[in-house]
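**Q** For the sequence shown, UniProt numbering gives the first residue as 1, with consecutive numbering after it.
Please note that the accuracy of each hint is not assured.
[Stated by the list, open to error] Below, computed lysine to any residue pairings styled on SDA-like, alpha-carbon distance capped at 25 Å:
id	residue 1	residue 2
1	Lys197	Arg151
2	Lys197	Val211
3	Lys64	Asn83
4	Lys29	Phe80
5	Lys31	Ile79
6	Lys85	Pro115
7	Lys64	Ser74
8	Lys85	Ile112
9	Lys64	Asp123
10	Lys29	Lys64
11	Lys197	Arg221
12	Lys85	Gln56
13	Lys173	Ser47
14	Lys31	Asn83
15	Lys197	Gln128
16	Lys85	Asn124
17	Lys64	Gly146
18	Lys31	Glu53
19	Lys64	Thr99
20	Lys29	Glu41
21	Lys29	Ile79
22	Lys29	Thr99
23	Lys85	Ser126
24	Lys85	Gly40
25	Lys197	Leu224
26	Lys64	Lys173
27	Lys197	Glu213
28	Lys85	Thr110
29	Lys64	Glu97
30	Lys31	Gln51
31	Lys31	Ser76
32	Lys29	Asn63
33	Lys173	Glu213
34	Lys64	Pro28
35	Lys29	Glu53
None of these hints come from the bench; they were simulated from the model.
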Amino acid sequence: MKILRIFIYMLVASVMFTSCEKDNFEAPKSKLTGRIVYNGEAIGLRSDGVQLELWQHGYDLFNKIPVFVAQDGSFSAEIFDGNYKLTLVRGNGPWAENTDSLDVNVSGSTVIDVPVDPYFIIDNSSFQPAGDMVNATVEISHINTGRDLDRVKIYLGETIIVDDILNVSSAEKLAADVDVDQTISLSANIPQILRNKGYAFARVGVKTVGVAEFVYSQPIRINLN
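With the sequences and hints as input, model every part of the structure.
**A** Next comes the structure, spelled out in structure tokens:
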């Protein structure tokens with residue numbers, strides 16, 4: 001019986017020691033922030049639709065750290081100081097694939113831009129409510145000509161997070177109805193839910209043939225009353 005009590009005490013002490021070790025584990029304090037850019041300008045994306053990967057050598061487990069990109073093209077991650085490889089995920093973005101990695105030395109607050117080669121970029125977009133519709137004009141440029149235009153879309157949403165998945169109204173023009181070298185006009189119906197709010201967030205997206213993710217303009221709030 002005495003031996004059993006000693007065993008239980010040792011077991012409890014072991015659990016408490018392990019628990020203390022976990023409690024004393026130091027969380028990462030450094031922050032890596034940056035943007036996905038073309039010619040120094042951030043690229044509009046679907047919120048958390050695009051992912052980057054951080055890899056760090058020199059440890060027993062060589063696992064990736066996923067880093068999700070916000071709709072304004074920015075990203076951030078709290079990690080430990082050290083040397084990392086930052087890579088784009090293949091097939092996960094409206095740009096030509098690039099298997100090269102960026103060497104990133106993280107020390108405290110570290111900022112980095114990740115350049116990409118987009119198929120299209122949106123140069124200008126504007127939105128104007130008119131009766132039951134929101135009318136948009138947009139100009140796009142064909143940057144990497146390795147793939148063609150698929151379609152151009154306008155989106156209306158209740159919040160600033162608006163894209164091809166999160167929207168309450170949208171309309172599109174297929175490539176056959178679009179002249180890339182000319183200003184493109186689009187119109188979307190204003191649903192009652194937005195009329196009740198008196199405002200909407202509007203955005204334009206451009207899709208490339210064979211590429212899942214759109215490139216977007218930055219969302220703009222427009223008053224409907």
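**Q** Could you grab the alpha-carbon distance between Lys31 and Asn83 and see if it respects the 25 Å cut-off?
**A** Answer holds: Lys31 to Asn83 is near 13 Å, not above 25 Å.
**Q** Given the hinted pair Lys31 and Gln51, is their alpha-carbon gap at most 25 Å?
**A** holds (17 Å)
**Q** Can you confirm whether the C-alpha distance between Lys85 and Asn124 stays at or below 25 Å?
**A** violated (34 Å)
**Q** Take the C-alpha atoms of Lys64 and Asp123, compute the straight-line distance between them, and say whether it is at most 25 Å.
**A** violated (34 Å)
**Q** Lys197 and Glu213 were given as a pair; does the straight-line alpha-carbon distance stay at or below 25 Å?
**A** violated (29 Å)
**Q** Please verify whether Lys85 and Gly40 have alpha carbons no more than 25 Å apart.
**A** Holds, at roughly 21 Å.
**Q** Take the C-alpha atoms of Lys173 and Glu213, compute the straight-line distance between them, and say whether it is at most 25 Å.
**A** holds (17 Å)
**Q** Measure nothing beyond the straight line between the CA atoms of Lys197 and Arg151; if it is 25 Å or shorter, mark the hint as holding.
**A** violated (29 Å)
**Q** Given the hint that Lys31 pairs with Glu53, does the C-alpha gap stay at or below 25 Å?
**A** holds (15 Å)
**Q** Measure nothing beyond the straight line between the CA atoms of Lys197 and Gln128; if it is 25 Å or shorter, mark the hint as holding.
**A** The given pair, whose Cα atoms are some 17 Å apart, holds under the 25 Å limit.
**Q** Does Glu53 sit within 25 Å of Lys29, going by the straight-line distance between their CA atoms?
**A** holds (19 Å)
**Q** Decide if the proposed pair is consistent with the structure: Lys197 and Val211, CA atoms, cutoff 25 Å inclusive.
**A** violated (34 Å)
Going through the hint list in order, the structure does not satisfy hints 1, 2, 9, 16, 17, 20, 22, 23, 26, 27.
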